[in-house]
Amino acid sequence: MNNFIETEHLAFSYEEENDRQQQPALEDVSINVRDGEYVAILGHNGSGKSTFAKLLNMILAPDSGRIHIAGREVTAPDFTEDDMFDLRREVGMVFQNPDNQLVATIVEEDVAFGPENLGVPREELRRRVDEALAMVGMSEYALHAPHRLSGGQKQRIAIAGMIAMMPKCVIFDEATAMLDPLGRREVLKTMDMLNREKHIAILNITHYMDEAAHADRIVVVNDGRVYMDGTPSEVFSRIDELHAIGLEAPQTTELIDILRQKGCSLPAGYAEDEACVDLLVRLYEEA
Amino acid sequence: MENILEIKDVSYVYGGGTPFEMVALNHVSVGFEKGKITGVIGHTGSGKSTLVQLLNGLLRPQSGEILLNGESIWAKPKEIQKIRYRVGLVMQYPEYQLFDETVRADIGYAPRNMGLSPEEVEARVKEAAAFVRLDEELLDQSPFALSGGQKRRAAIAGIIAMRPEVLVLDEPAAGLDPLGRSDILGGLREYQRSCNATVILVSHSMEDMAQYCDRIVALNHAEVFLTGTVDEVFSRSKELAEVGLDIPHIARFALALQKRGVPLEGSLYTVSGVAEAYMRALQRKKAASTAPQSAGEGDHA
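Keeping their order, the protein sequence lines are chains Y and R. Numbering of the first sequence is given in our numbering, commencing with residue 66 and proceeding in unit increments. Numbering of the second sequence is given in our numbering, commencing with residue 195 and proceeding in unit increments.
Rather than coming from a laboratory, the hints here were simulated on the basis of the structure. A hint or two may mislead.
[Unchecked claim] One-sided excerpt, in silico: chain Y residues whose CB lies under 7 Å from chain R:
1. F178
2. M243
3. H272
4. S302
5. E306
6. H308
7. A309
8. L312
9. K327
[Stated by the list, open to error] Reference listing, derived: stretches of chain R covered by chain Y, where coverage requires no fewer than 3 residues with Cβ under 8 Å from a Cβ of chain Y:
10. 362–371
11. 462–474
[Stated by the list, open to error] Below, computed lysine-lysine pairings styled on DSS-like, alpha-carbon distance capped at 27 Å:
12. R:K320 <-> R:K272
13. Y:K327 <-> Y:K233
14. R:K480 <-> R:K432
15. Y:K119 <-> Y:K327
16. Y:K327 <-> R:K432
17. R:K432 <-> Y:K254
18. R:K453 <-> R:K480
19. R:K480 <-> Y:K327
20. R:K202 <-> R:K320
21. Y:K263 <-> Y:K233
22. Y:K327 <-> R:K479
23. R:K272 <-> R:K228
Glycine included, every Cβ here is placed at the ideal spot set by N, Cα and C.
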C-alpha cells in the first residue's frame, strides 16, 4: 500500500512572544499514514500533536522538513496556493468545538458549503449532500437548523461537510472532547464507518485511550518527537513509559497492571475487553 | 446532611413566548450537600449549563427559589455580586477570559475587587495557584504565554482565590490530557478538604465523576432524573443508558465479570475499586477452598 501522507523530520516553532524563547512545538517528527489507514495520535497537552495536524492541513508550514500528501510534495518551492486548495479537499479536518465549524442556517446548506465552493455541479452536489448526510445518519435533519442540534449531531454535520468534499483522509482534532457519552459514541462510530467501509484514512488526535484503541496504529508524540509508534497492544503494553509522560492506558489495561502488581499471574499488555474478562474469569476459576 | 445550596421548584425558559421557546429547566428541585463534591451529568441540552449559571445568580429563575444557607440568593437583587463571591463559577473554557498582564494580576483580580489588602491578595493568589498545581514561577508571566493546560489552571485559580464557599465548575477538565485532568480535579478535592468547601462539577466523563465525586445529580430533558451517591447513581446503568448517559468503562467491565460468575462486591466504579474487589473475591475463594481441606486434615489427626 502507498503512503498517503509522508512526513520527514518536521520541525516547527510558534513565533516568539515577549522575547521569550519558545520551546519548539515540533522538533523532529516523521510519521507516515498509508492509504486507508486508521491512526490515533496520543500525547499530553503541548506535545505537538495539534501542530502536526495543522501542518498536514497546510494551516501552518513547517520551519524545516518535508511533507508529501497524495504523492505531491507540499513543502516544495514550486507548490502554489492553487495546488494547496486542490490538495486541501483531500484532507478534511474536524475540530473540537462543533459551534466553530458550522456556517449555514440549514443543515444541508452547511454540508453543501464545501463542495459548492469547489464548483461541483448542481446535480452532483445534491447527490453528494444526500449521501454524506445518510452516511452520518443525519438525513432526517437535512432541513433543520444546525444550532438547535446536540453536540454529537453538530459534529456529525461537520463530518458530513467533509465527506461531501470526498477527502481521502480526515483528521479529527479532539473532535469528541466536548461531547456527552452518546455524542462520543456516535462520532466514534462514524469514524470507524468512514475507515472500514469507505476506506478513508483517519487520523484521530485524542486524549481518550478507549478511542485510540479503535485505531490500527497509535503514534504517541512527546516533546515534539515521536515517542512510540505501534499497534494498540504494542503501545498500551508499555504502560510504565506511558505513565512516565503523563498518559494512561485504557482502564482495563490499568486494572490488569494493578492486579499484576498485587501478585496475580496475568499477562502484561493490552487486550480487548472480552479477552480481559476471559483472563480474569479463568484466574478466578483456577484460584 | 445539611444542604448548603438548595434549588426549589426552579424553572427557566429561553425565548419564552416566541416560536423559539425552549424549556431549559422544568420545575427542578435539588439540594447540594455542604462539604461534598457533587457531579452534575446529563446529555447535551439537558439543562446543566443553565443550572450552574442559576447557582451564582448569572441567570435569575423565572419561577422557584435558590437558597444559599437557607436564604434566597435573590432576596436583595442589588447585592447579587456578594453572592457571586460566595458561589464561584468557572465557566467552560475559562482560559478565554484571561486578560491581565501577568498571571499573578489575573488570579488576583477578583480578590482585589473584593477589597482585600495587597498582602491578603498575594496570599490568596499563591494559595490558589498551589491548589491547581500551577508553578509559582509562572505567576510573573503573561497569561497568554502559557500552554493550554496552564491557562486553564490559571483561570480556575482566579475563582478559587475568592475562596468561595461553593465552587461551581462547568467541564473544568475538557480537552486536557490525563495528567492535566488529575491535577485539576485532584486540586479541587484538596480545596474542598482544606477549606471545607462545597464543589459542584459538571462533566461528560463518567470516569472522572466516579473518581472525584461524592454525589451525582443526573439531569434529563430539563428535569432531575437521578440523584444520590456515586454508587447509587452508577448502579442504575440501564436507566442511565436510556437517557444517553453511561457508566464508567471499568464499571461496565465489572458487570461483565459478575455476569460470568466472579462475585465482585463493593464500589465498582473506579479501576482501584474493581482491583480491590477482585482481590477480595480471589481471597474469599482461596479461603473457602482451603477451609474444608484443613477440616479434613483435622479429622485425620
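List in ascending order the numbers of the hints, as given earlier, that are violated by the structure. The structure breaks hints 1, 4, 5, 6, 7, 12, 13, 14, 15, 16, 20; every other hint is satisfied.
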